[in-house]
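Start from the sequences and build out the full structure, keeping to the hints where you can.
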Amino acid sequence: MLGFENFYYVFSKLIEVEVENNTKEYWIVTGTPDEINIEEGYIGELKTYKDPNKKDFLIEVAITQGNIYCYLSGFKKFVVYIYSIPEEKFVYKEFFEANYNKALEDIKRGIYKKRELCKIAQETFNQKTY
Numbered sequence: 001m002l003g004f005e006n007f008y009y010v011f012s013k014l015i016e017v018e019v020e021n022n023t024k025e026y027w028i029v030t031g032t033p034d035e036i037n038i039e040e041g042y043i044g045e046l047k048t049y050k051d052p053n054k055k056d057f058l059i060e061v062a063i064t065q066g067n068i069y070c071y072l073s074g075f076k077k078f079v080v081y082i083y084s085i086p087e088e089k090f091v092y093k094e095f096f097e098a099n100y101n102k103a104l105e106d107i108k109r110g111i112y113k114k115r116e117l118c119k120i121a122q123e124t125f126n127q128k129t130y
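Position 94 (the sequence shown) corresponds to 94 in our numbering; numbering is contiguous.
Keep in mind that the hints were calculated from the coordinates and are not lab data. Note that the coordinates shown come from a computational prediction; the quantities given were computed from them, not determined experimentally. Check the hints yourself; a few may be wrong.
[Unchecked claim] With a Cα cut of at most 30 Å, we get these calculated DSS-like pairs of lysine-lysine:
{"id": "1", "residue 1": "K24", "residue 2": "K102"}
{"id": "2", "residue 1": "K55", "residue 2": "K76"}
{"id": "3", "residue 1": "K89", "residue 2": "K54"}
{"id": "4", "residue 1": "K102", "residue 2": "K47"}
{"id": "5", "residue 1": "K113", "residue 2": "K55"}
{"id": "6", "residue 1": "K77", "residue 2": "K47"}
{"id": "7", "residue 1": "K50", "residue 2": "K113"}
{"id": "8", "residue 1": "K89", "residue 2": "K77"}
Right, here's the structure in full:
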C-alpha cells in the first residue's frame, strides 16, 4: 500500500490572530501528519502526482505542510516524499529543519484568507433574493 498509516497522532494548537478594531480571535488548528517517526524524531509528508508538471508545486506544498505539522507537534525536523504514479516510484526525498516562525506566519495567512472567503460568502448569501 502506498502511503503511511497514522491513525494515532493528531496535533492541535490554539492560534491567536488580531482582527478588526484591535480585537483578537482564537482558532484551533489541527493536523495529522502522514508519518511520525518517534525513534528518529521526524515527521513525514507524502505527496503523489500523475502529472509531472505538478511535482515542483507539490514539493512546496509538502514543505509548508510538513513545517506546520512540526510547529503543531513540537518535532524539529521533517521529511518530504514525492511519489510519481506514472513511474511507480519515489522521485524525491529530502529532510528539512522546522522553522516555527514561518509555520505560524503560514497558519495566520491561511486564517486571514479563510476569514476573507467567509466574508465574501456571507455577502453573496445576503444579496440573494428568494
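Verification of the hints:
| no. | hint | result |
| --- | --- | --- |
| 1 | K24 / K102 | holds (20 Å) |
| 2 | K55 / K76 | holds (25 Å) |
| 3 | K89 / K54 | holds (16 Å) |
| 4 | K102 / K47 | holds (21 Å) |
| 5 | K113 / K55 | holds (25 Å) |
| 6 | K77 / K47 | holds (17 Å) |
| 7 | K50 / K113 | holds (28 Å) |
| 8 | K89 / K77 | holds (24 Å) |
Every hint from the earlier list agrees with this structure, and none is contradicted.
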